[in-house]
Amino acid sequence: MQVSQSKINDDAIDLMINMGPQHPSTHGVFRLVIWVDGEKIQKVEPHIGYLHRGSEKICESESYNQIITLFDRLDYVGNLNNELAFSLAVEKLMDLEIPERAQYIRVILCELNRIASHMLFYGVYGLDAGATTPMLYGFRERERIQELFESVTGARLMHNYIRIGGIKEDVESDFKDKVHKLINDLKKSVDECDDLLSNNEMFLVRTKNIGIITADEAIDLGLSGPSLRASGVLEDIRVTDPYSIYDRFDFGIPVGSKGDCWDRYFVRVQEMRESIKIIEQALVDLPEGEIITPIKGMVRPPKGEVFVRTESPRGDLGVFVVSDGSDKPYRVKVRPPSFVNLQALELMLRDTYLADAVLVLGSIDIIMGEVDR
Amino acid sequence: MADPKNPDSEKIVDPTAAGKSDLKSEVKKPVRKEREVPTVPVNLDEKSEQLSSFLESNCPENISALIGAEADIVTITVDKNNLIDACNYLKNDNKLQFNYLSLVTVVDYEAISETFELNYHLVSLKFRQKIAIKCNLSVNDLSIPSISKIWTTANWFERESHDLFGVIFEGHPNLAPLLLYEEFEGFPGRKSFPFHDYQEW
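Protein sequence lines, in the order shown, are assigned to chains P and V.
Numbers in my numbering are just positions in the first sequence, counted from 1, shifted up by 2.
Numbers in my numbering are just positions in the second sequence, counted from 1, shifted up by 479.
Hints listed in this document are in silico derivations from the structure and should not be mistaken for laboratory results.
Values in this document were obtained by computation on a predicted structure and should not be read as measured data.
Every residue gets a Cβ at the ideal spot worked out from N, C-alpha and C, and that includes glycine.
Any given hint could be a false lead.
What the hints assert, rightly or not - If you only want the chain P side, here are some residues facing chain V, beta carbon under 10 Å, derived:
hint: 1; residue: 49
hint: 2; residue: 50
hint: 3; residue: 60
hint: 4; residue: 219
hint: 5; residue: 305
hint: 6; residue: 306
hint: 7; residue: 308
hint: 8; residue: 311
hint: 9; residue: 328
hint: 10; residue: 337
hint: 11; residue: 341
Chain V extracted, bound-state conformation (with noise of 0.2 Å):
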């Protein structure tokens, strides 16, 4: 409310200024709260446990893997130039065999952090246990050793890949269009591709 003893003062009032106690200002432009994002808490059951803790110990130095894990499946970050490695120690140790590879999935956080995120999701049908392979690209270098040749279920995970997100995997047999035409520019996967508004007649 104005200062009764000056009439002007409600013109004087500059709307920008923070900590003003004037109530139609704050009426107009309520504050809103900042909600507070909560984050899925980690739930690993005994098996991922043990998986985990196997990891920590025995994964190769060479491989300089980050192990953590995400809601119920534990994760494995490597850097692209690792990541052969990485799939081939998840593959052909003993103790893992890690023989079927699930799903190859890339997470644009472009607007966010700059980088691509590549998700190969594997499943180790002997011992039922379940692993996620992280690798972070950076935008400027989208490229990654293909991974068709250790499991060939990738092969078209990654062409897939290639064709929606731009990602270029050294060592793929083919890496042709799959879901799109050949002419199609652009890669609509990514968060910067104008989608909705995207006419093609």
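For reference, chain P alone in the conformation it holds in the complex (with noise of 0.2 Å):
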């Protein structure tokens, strides 16, 4: 940390700190100028773009399943729940059937990223709030869940698995039962996780209102996914808006009520026993059959443009595709949610302690390499 002073007014002498942009807390190369008072944050600018490398101007020189890898690469968490939200936008071009089963796996696969990606916030949230233990927990059930990532798809990170039109590959006779056995470890150590963190008092001290945004400030700047739902506001997209096959699921929208730090874990934690039912379901019902629907040469959807809003781990995740009908997209823009959450870190850390700048941030939940592109 650089410190610095500057002379504001003649009564209070104001501080500037320099947080990051290579700091563990910071979750990525960012950079954050702190202004404080005594303790208290007075004013914050955030500084971005040490990541940005073009992906959407990369993606009008590429083909269209060549720029599914460019997609793995956005939000590196939540590999599979990006690939979703491109394949869907030129699926909506093209006006592709996807198979049922292939709807299916994909929307298992993505459901076990979202509880992979909650894992890892719960990790390191416990960690930006001085605990060690949680992370140990939440690592460990990720590695659970990329295990099955890998025999499935062959990667544990960058899978490149759904393809235009289905999925690459059919998954193993033994997929259900593993998938069985995967849940049923983790409803217990999600239980686990919830024992261990949420109602300790000392991070329940350092978590309450604390980076409190009420519902019309959230939904004014945009906040979308667990951030906006801690605020209480009602909107997932999966059940709002409903794309792929998530129309035939039961399960429950968790909502926060102040819109706090707190507010924000604690959605997080009880989505994953949401996604945990989506799975049960789906695996009942997987039928069997085709997995993917042939397309004939290079894809090359018709002229024309579409908009296509998922609900990735992070919120809304929005993809807008230009197509001229060549076999390359005219223009690509992705809306990632960590771009649009980010920016509400100017407004949750007003008048707070410099101490909570760091749970304030690590309650979003950004991944930089959504945030740069």
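Fit the two chains together into the complex; they arrive one by one in their own frames, and the hints show the way.
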């Protein structure tokens, strides 16, 4: 941390503190400039762009199936959800029918990915608050899910598994048993994690009533996902604007009441339980059959544009694709949930103490790969 | 094939002349059929149909909006001078209440029609509706009123668009570079930017 002094007015000396760009608590290469008066935060200024690779621009020179690999690398914790969002956009352009089996496998894997992402959040957030144990628990569970991903897709992280029209290859015959065993374990461990941290007195003191954002502010700032629901807004795109086959499942939307750090944390813990419910239902209904709608030659969607909204672990992940009829898109634009959620940081940090800055930042659960693109 | 009565005919053949039945030149230069590019059919669901007909009958005349549709979303095309009015109408009308701005996109059509198209995707959390506002900018005048006072979400999206495309948002609180650094020259989002040849070091 660098510290410098600057005189703003005669009676008070404001201290400017530079947090990042390389700091373990910033969850990536992210720089936050904080002006403090004593211990109170006066003003913050986020600086992003350290990881800007021009992903959207690179998309314009790649074919549609190649772009899926680029989407893997946006939100590198919720890869499958990102792949799904782009595939859905192109499928809507082409008006493709997706085989039932592929739809179910996509949903099962995406929900597992959501749990893995929230588990990572759980572990890292515990660490942000000063508790070391949650990280070990969170990473253990995430590793279990990634082992399953590895057996299905062949890769732990950058899966490149979802294809336009379906999925890359069928799952093995013991997939159902494996997932059954996994979610039975996960059910126990979510409870375990919940017991360990959620009502810990020190954790409550650190996170309750900190970084409050009201429902109106949250909507005005465009917050989405768990950060929006923590403020008490009932908005989950899987329910309010269903895509894929999410309208077939019965699950709840956890919402918070106050919009503080603890609400944002607890909504995610509860969401893991709801995801398990979806996976259980999907496993029962998982049909046999084709896994991909074959496309002759290159993927060439008709001319036009389409905007698709999906619910990624971090929130409203939108994909806007403009096609000119060729085998490469004319323009691809991502609506990254972390990018929009990060804007709220300035408002969340008003009148908090410097020591809480890390906790407030952690509660938004940002992934810099997605923020900078 | 050459005329057998005139052995020199093959040499006389003008390769650029059209309509020749010369086999050799046909093999060399196959005439490729222009591929017909289909367009995405408009397929609005019931809710969007209602929204479209509501807007056509109720949209205030001073906005002079053009109601259309793309795939499954209703679009409303406005002139940039009417953008603020249109946004205020869509946000504040009791039967619309588009209170959530989802995305601001710039699409570069400089090579095709010398325009930049701005797309604002709005969502009504109350009525679960979607709409896109479209606004065309001439490449000669890339300024447009900022909507960040109506939806705060637009703040960073507009900064990003300023960075990558050079669109100037009038009335924006702070148009400092967001994704790029201060000294960066050029607009890497544009089609005219030598993206793959660009070398920073």
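Hint by hint, here is what the structure shows:
Proximity of residue 49 (chain P) to chain V holds as hinted, the smallest CB-CB distance being about 9 Å (cut-off 10 Å). With its C-beta approaching chain V no nearer than about 7 Å, residue 50 (chain P) sits inside the 10 Å limit, and its interface hint holds. The restraint placing residue 60 (chain P) at the interface with chain V holds, with a minimum CB-CB distance near 8 Å, inside the 10 Å limit. Hint status for residue 219 (chain P): holds, given a least beta-carbon distance of 8 Å to chain V, under 10 Å.
Hint status for residue 305 (chain P): holds, given a least beta-carbon distance of 5 Å to chain V, under 10 Å. Contact between residue 306 (chain P) and chain V, as hinted, is supported at the beta carbon level, the nearest pair being about 3 Å apart and thus within 10 Å. Interface hint at residue 308 (chain P): satisfied, since its Cβ lies 5 Å from the closest Cβ of chain V, which is below the 10 Å cut-off. Taken as an interface hint, residue 311 (chain P) checks out: its beta carbon lies about 7 Å from the nearest beta carbon of chain V, inside 10 Å.
The restraint placing residue 328 (chain P) at the interface with chain V holds, with a minimum CB-CB distance near 8 Å, inside the 10 Å limit. With 10 Å as the threshold, the beta carbon of residue 337 (chain P) comes within range of chain V, its nearest partner Cβ sitting at about 4 Å, so the hint holds. The beta carbon of residue 341 (chain P) is positioned within 10 Å of a beta carbon in chain V (closest approach about 7 Å), and the interface hint is therefore held.
Of the hints listed earlier, there is not a single one the structure fails to meet.
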